[in-house]
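Colleague: Work out the full structure: start from the sequences and follow the hints.
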Amino acid sequence: MRLINRKPGRPLALFLALLPFVVVFVAYAIGSDIRLAENPSDKLLPAPSTIWDTAARLITEPDLRSGRILFWHDTTASLGRLAMGIGISALLGLVFGLLIGLLPIMRSFLAQFVAVLSMIPPLALLPILFIVFGLGELSKVVLIVVGTLPFIIRDLSQRVLEIPQELLIKAQTLGASTWVITLRVAIPQVLPRLIQAVRLSLGPAWLFLIAAEAIASDLGLGYRIFLVRRFLAMDVILTYVIWITILAFLMDWALRTLSRRLFPWAEDGL
Amino acid sequence: MSFVTVTNIFQSYDGRPILERVNVSVDESQFISIVGASGCGKSTFLRLLLAQEQPTRGDVQIAGAPPAREPGLDRGVVFQKYSVFPHMTVRQNIVAGESLRRGWGTFWGAEAKDARKRADATLARIGLDHVADQYPATLSGGMQQRLAIGQALVAKPRVLLLDEPFGALDPGTRLAMHDFLMELRAETGMTVFMVTHDLEEAFKLGDRVLVFDKPRWDPHDPSLYGATITYDFDARDGGIPFQRLKEDTHVLHETRS
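Chains as they are written, first to last, in the working numbering: chain A, -8 to 261; chain B, 77 to 333.
One or more of the hints may lead you astray.
Some residues of chain A that are not near chain B, with every Cβ distance over 12 Å (derived) [to be verified]:
no.: 1; residue: I25
no.: 2; residue: D44
no.: 3; residue: M110
no.: 4; residue: A115
no.: 5; residue: Q156
no.: 6; residue: L174
Now the stretches of chain B that chain A is said to cover, found in silico as 3 or more residues with beta-carbon under 8 Å [unchecked claim]:
no.: 7; stretch: 146 to 159
no.: 8; stretch: 175 to 182
no.: 9; stretch: 228 to 239
Hint data in this document are derived by calculation from the structure and do not stem from the laboratory.
From the three backbone atoms N, C-alpha and C, an ideal C-beta is built for every residue, glycine too.
Modeller: Right, here's the structure in full:
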């Protein structure tokens, strides 16, 4: 039987899905064990149990100086920035995507400009953003927007262009104006794509968030990681990395579920 | 008095002529079938009737109005596919036939209720009332085309344009759609243009059959000349004999149900 026709059964599929996680964990545990056997005070690969204890401490015990549980404050600060940045990107992306995709005049006006803008490496702009918008929240949000917006605009305008011409013609023969076509045909058709674009942008958004927080901040997940790096506190760093991964995964999952709920007519992707 | 007048139309893309010297005039509530080989400009002709494109020369007038510059309410259309809105349920698709012309593209309050009721009546008429709340993707090809025709008719166009509407359907469904279309047409008395590949279908449904072909042919450069109407058959009863099926197709009718 050809390999492309072999499908795993349910138990095997579950086993295969879990396998890479187990392998990575076991490999880490062995590596950590070897190093700790040689030098019990090694900080590079803390034992899984140490990470677990650190995580429990970080999540439950307040900071001695401020009396706040910094873990949760870091989380809310970072999530707030991320939500703001991605939200603004999604909204602007939808507006410009529709303008470029639907209106030939706007396409001529903006499509090439956006294509060029999207080639600017956003991190190269970070110093400018800090100078212009200060070191507060605004510059971090702007960095996320600058980093994710061009992609969302380009993706969405492409998706709008891919709406079958027949549907737009049909809507016109039913008397729809440009505005109504936008509202009743184009927006419902591209909203699932917008959610998809946002899901794909979450990775870059986290990257830009952590980069901005690492350089100038006093709160946030990225800030904390780069702060404790000075003490080689690998257990804290790994806890935060795992937490960020869980958060990002949950967001992705939530968006996918939302998309399926809201747009039952759209075909599923990954 | 002719209802649709096509005057001396030329159409070319990038200097390549597709249609040349097309003249035809059509009376109100005639059914016009358009046939011809692939790539001979049938669909281009339909797009010109739809005002989706502007001819290089000549013009199309409907009911004496000045030539339209973009598709509008007076022309309804059904394509081979993508003719219904996939993000609306079957009922919403029918309601859209009336509501898209509004400022916000929708009805509110009591008006919405009335529109839904009318839509349900329409759906019962076209035999789709049992799937009113489903999305078009869950319907069969024949049901989708019935929905598309119903949606186009709800807007009460003056001319209905069909671009190979039954091209993707199986023969049984196709015969059912013929009956369906003829019934609707008898009710509304609408002027219909239908592009088709199926000669039998063209002669069965049409009052007139227009054949598109290239009258001039340069063997060294086949795309040098465009196509035009080379035959204009009268396909009604009592017209040219032997252009219609005389036999009744009882067998197919019975196996269909």
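Colleague: With reference to the structure, classify each hint as holding or not holding.
Modeller: Here's how the hints hold up against the structure:
no.	hint	result
1	I25	56 Å, holds
2	D44	51 Å, holds
3	M110	32 Å, holds
4	A115	40 Å, holds
5	Q156	8 Å, violated
6	L174	6 Å, violated
7	146 to 159	holds (count 11)
8	175 to 182	holds (count 7)
9	228 to 239	holds (count 3)
Violated hints, listed in ascending order, are 5, 6; each of the other numbered hints is respected by the structure.
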